[in-house]
Amino acid sequence: MSTPAITIENLTKEFKNPALFSGGKILAVKDLSFNVEAGTVYGLLGPNGSGKSTTMKIVLGLVTPTSGRTLIFGRDSRDVESRESVGLLPENPYFYKFLTGQETLHFYGKLCGMGGKMLRERAKELLALVGLEEAAHRRVGGYSKGMLQRIGLAQAMVQDPRLLVLDEPTAGVDPAGSRQICDLILKLKEREVTVLLCSHLLSMVQEICDRIGIMHRGELVREGKLEDLIAIESQTELVLENASPALLAEIRAKVGASGARLVAEQKPQQNLERYFLDVTKDSPK
Amino acid sequence: MTAASSPSAISQASAHKLFSWRRASAIAGTTFRDLVRQKVFYFMLVFAAIIIGLSLVLVNLSFRGQLQAVMDVSLGAISVFTLLLAILSTAVLLPRDLEERTLYTILAKPVSRFEYLLGKLWGVGIMLFVATALMTALLSIVLYAWQGKEVSNIMANVEVEKVPQAIAHLKASTFTWKLFAGIGILFLRAMVCAAFTLMISSFATSWLFTVVASFMGVLIGHLVPIARAVWLEPMQYGVEVSWYLTAFLRFVILFPDMQMFNLVDSIAVGDQVPWADFGSAVGMGCGYLAVYTLVAWLFFAWKEL
Amino acid sequence: MKGRILGLLVLLLWGIAKMPLETRIAETRREQQLGTYKILSNVRQQLGQAGFLAVFGGLRSAIADLVFIGAHVQWEKAKYGKVKEYFDICTSLQPRCPLYWDMASWHMAYNAAAYVDMRDKTITDPLERAREIHNYWKLGEDYLLNGIKNNPEDWGLWDNLGLLYREKFHDNLKAARAYGEAAKRPGRLDYVHRFEAIYLADAPGYEKEAYDKLLAIYKEGDSQQLPTVLKKLQLMERKLGIPKDQRVDIPPKYRLPPE
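Residue numbers (the working numbering), protein chains in the order written: chain A, 1 to 285; chain B, 1 to 305; chain C, 1 to 259.
Bear in mind the hints are in silico, worked out from the structure with no lab data behind them.
Some clues are possibly wrong.
Below, in silico cross-link-like pairs of lysine-lysine (DSSO-like), each with a Cα-Cα straight-line distance of 27 angstroms or less [said to hold, decoys possible]:
{"hint": "1", "chain 1": "A", "residue 1": "97", "chain 2": "B", "residue 2": "39"}
{"hint": "2", "chain 1": "A", "residue 1": "30", "chain 2": "C", "residue 2": "2"}
{"hint": "3", "chain 1": "A", "residue 1": "187", "chain 2": "A", "residue 2": "124"}
Estimated spans, in silico, between C-beta atoms of each pair [stated by the list, open to error]:
{"hint": "4", "chain 1": "B", "residue 1": "21", "chain 2": "C", "residue 2": "15", "range": "27 to 37 angstroms"}
{"hint": "5", "chain 1": "A", "residue 1": "229", "chain 2": "B", "residue 2": "209", "range": "47 to 57 angstroms"}
{"hint": "6", "chain 1": "A", "residue 1": "133", "chain 2": "B", "residue 2": "141", "range": "38 to 48 angstroms"}
{"hint": "7", "chain 1": "C", "residue 1": "9", "chain 2": "B", "residue 2": "205", "range": "21 to 31 angstroms"}
{"hint": "8", "chain 1": "A", "residue 1": "115", "chain 2": "B", "residue 2": "209", "range": "36 to 46 angstroms"}
{"hint": "9", "chain 1": "C", "residue 1": "118", "chain 2": "B", "residue 2": "242", "range": "47 to 57 angstroms"}
{"hint": "10", "chain 1": "A", "residue 1": "138", "chain 2": "B", "residue 2": "206", "range": "28 to 38 angstroms"}
{"hint": "11", "chain 1": "B", "residue 1": "205", "chain 2": "A", "residue 2": "137", "range": "30 to 40 angstroms"}
{"hint": "12", "chain 1": "C", "residue 1": "9", "chain 2": "A", "residue 2": "64", "range": "15 to 25 angstroms"}
{"hint": "13", "chain 1": "C", "residue 1": "12", "chain 2": "B", "residue 2": "175", "range": "40 to 50 angstroms"}
{"hint": "14", "chain 1": "B", "residue 1": "234", "chain 2": "C", "residue 2": "12", "range": "20 to 30 angstroms"}
{"hint": "15", "chain 1": "A", "residue 1": "183", "chain 2": "B", "residue 2": "290", "range": "44 to 54 angstroms"}
{"hint": "16", "chain 1": "C", "residue 1": "216", "chain 2": "B", "residue 2": "137", "range": "48 to 58 angstroms"}
Think of the CB as a built atom: it goes at the ideal place given N, C-alpha and C, for glycine as much as any other residue.
Required output: the full structure, derived from the provided sequences and hints.
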């Protein structure tokens, strides 16, 4: 069995409450335990204030846990070395405004020990990948929100990490861009890159995640395979194409006779996103 | 968007080093670029240039030792502006990275907090070096201009057979290696102040507190010689020793002795400062730099981000 | 918390460790008379808050220069009380600048004394006037003596002290001794060692010593056989009763009238 990409064991994090002089504490994460298997896409969900960001920061070694531990590919995440194989795209990423897109990638590449021709080629490749070739020599200070997300994604991937942590990767990105990011994540999954995804865009999570964990008030309230969690066990969905009215009548009769209940009968709807993309694909620029 | 084919060698490019000059220098480079594009950097250089240039005007107003007037004002400008630049530049580095969350993306890479701090300090050091070099170059131009004027005076007023000796003496008094070494010590002092400021900003919650505390620290540093003298020989100063005075004096003495780095005052009046004194200033300066950087790391290492 | 405690501990240990080092460096510099200064109790009042801070901000010398210019401005207004205050400040901020001591002495012993003598209408009693003039001479002398204490290698201050003794105090012995000290310092001009001998010759009871010095100067060669030296040498020869065959050969135009 391969080493999980992320191992979280009995993780607890308390913060001092600055509003309370008597030494009150805020419990941000309570006894959290789960694994993210290598090569999978894991969605960490939860309302605002549920402890997702704190968990992510602890996994990345930015915050020290009160108790418990987190491992990245078997290595304690407090070790700087563990971050050799991690790339982070934070929520609302911000980079040095005075650097160009290309210089930003060079900077982060150097932080990962890269340099010279290898780094230059890698930066070029990533700029092409995220669609920022034409903006490569523009200062990041002049980038739009969507462009910032793209350059953020590029810097997260600069050292070709085995684990990507993406916090709201599609925030501020148009549907076309979001689609591209989703497709990219799926391609990364094919290359056995592990992705830890935090997103409020549940449709995207539903489409690309293998497993999800739902946090609420610092605790993991649900965790498991996506299809298992959201399946309605007592119901079965059939989608028929070119079914004749007679066939439909026969099915209704059989359902009625068996004691089962026909819950709904309707024309399936296409995905709004797909509809939007189809409509806007040929729009004049 | 197409999937990138990335060389598999990238992720195994090299084994992780506990400390990497490349990582620290990458941070130093961006810090330097960030600092020199700030308008305050150029304003300060312009003010310093004005003051150094004004020293030539002062020379015309004052009937006294002209070389000393030029030296005192110009070196005073270098002294003040390097201190200002050191404190103001360093104070904003950490708070800004934290506020804009650039810090997260940097520390999410395999960069230790020590490398990050060292890179920041290194970047400030490069900026201070450039600023000091520019001001020194300007001072050299001013001194050269003044020297030219004085050579004309000598040729007009001094007996012919004494002219070569007088000119040689003039040149030897104007440009000395010790003058530039003294300016080098001022640069070192500015670096000590930068490290002190970095140490404070590593635990402070606002850059304003850092600036105020750093300036207070520098001011107290200039009072250290007096505090030390009073502590060692209170009777000579007519001071009655009490427990709170002793505690206060001991607290003051913990600060860096800024006067120790002020060799230019003596150089300006023509004192022959032994090279050993430069050595002792450099030694203590390096000691302060190392200690403040270490303490900054200790404060920062466990900081919740 | 762990990091803060460790950090504070390191700072404390460093503070304790560096104290003897810095004390030793400060003592060495004091012996070399480098960077020493004394802050008078009224300097904060005189300089104002900003100036006081600037002194401790490392602008000590620059502030001393500005105060020196201020002293000159007060002199132009003949406000000698202010002149003295300003010079007290700049000599305490930068005691290693002989010029400050020199100018302070000149303003007190010559300008202030002359002002009292000729223009100060507030003093009507001649005895009081004389006393005031003498006090200013003494102030000038004190500035030079303090300047010498802080700048022991400077010959100019001794030279000006000699001038002050001979011009104002009319004390030829003290003047000679001052010129003698100046003559021992590096960089001094030629005349000081001649002046030592010349004014010693005018001090009663020191004729033998003066004669020895004048003779030594005479023997240095033509460049030192200046009229005053020759005149004083002849006088000493006469006073000491040096036999005529042992007296030096004086050119006719510098010979004194026969006894």
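A quick look at each hint next to the structure:
Note on residue 97 (chain A) and residue 39 (chain B): the hinted pairing holds, with a Cα-Cα distance of about 15 angstroms set against a maximum of 27 angstroms. In summary, the hint linking residue 30 (chain A) to residue 2 (chain C) is supported, as the alpha carbons are separated by about 23 angstroms, within the 27 angstroms threshold. Annotation: proposed proximity of residue 187 (chain A) to residue 124 (chain A) holds, straight-line Cα distance about 19 angstroms (limit 27 angstroms). In this structure, residue 21 (chain B) and residue 15 (chain C) meet the distance hint of 27 to 37 angstroms, their C-beta atoms being roughly 31 angstroms apart.
A C-beta distance of roughly 48 angstroms is found between residue 229 (chain A) and residue 209 (chain B), which places it inside the suggested range of 47 to 57 angstroms. Roughly 47 angstroms separates the CB atoms of residue 133 (chain A) and residue 141 (chain B), a value that falls within the hinted 38 to 48 angstroms. Between residue 9 (chain C) and residue 205 (chain B) the Cβ separation comes to about 22 angstroms, which falls inside the hinted range of 21 to 31 angstroms. Between residue 115 (chain A) and residue 209 (chain B), the C-beta spacing of about 38 angstroms keeps the proposed range 36 to 46 angstroms intact.
Distance hint for residue 118 (chain C) and residue 242 (chain B): a CB-CB separation of about 54 angstroms, consistent with the stated range 47 to 57 angstroms. A hinted range of 28 to 38 angstroms holds for the C-beta pair residue 138 (chain A) and residue 206 (chain B), which are about 33 angstroms apart. At about 37 angstroms, the beta-carbon gap between residue 205 (chain B) and residue 137 (chain A) stays in the expected band of 30 to 40 angstroms. In this structure the hint that residue 9 (chain C) and residue 64 (chain A) lie 15 to 25 angstroms apart at CB holds, the actual value being about 20 angstroms.
For residue 12 (chain C) and residue 175 (chain B), the Cβ-Cβ distance of about 43 angstroms falls inside the hinted range of 40 to 50 angstroms, so the restraint holds. At roughly 23 angstroms, the beta carbons of residue 234 (chain B) and residue 12 (chain C) sit within the given window of 20 to 30 angstroms. The hinted window of 44 to 54 angstroms between residue 183 (chain A) and residue 290 (chain B) holds, with their beta carbons roughly 51 angstroms apart. Our hint of 48 to 58 angstroms for residue 216 (chain C) and residue 137 (chain B) holds, since their Cβ atoms are close to 52 angstroms apart.
Of the numbered hints stated above, none is contradicted by the structure.
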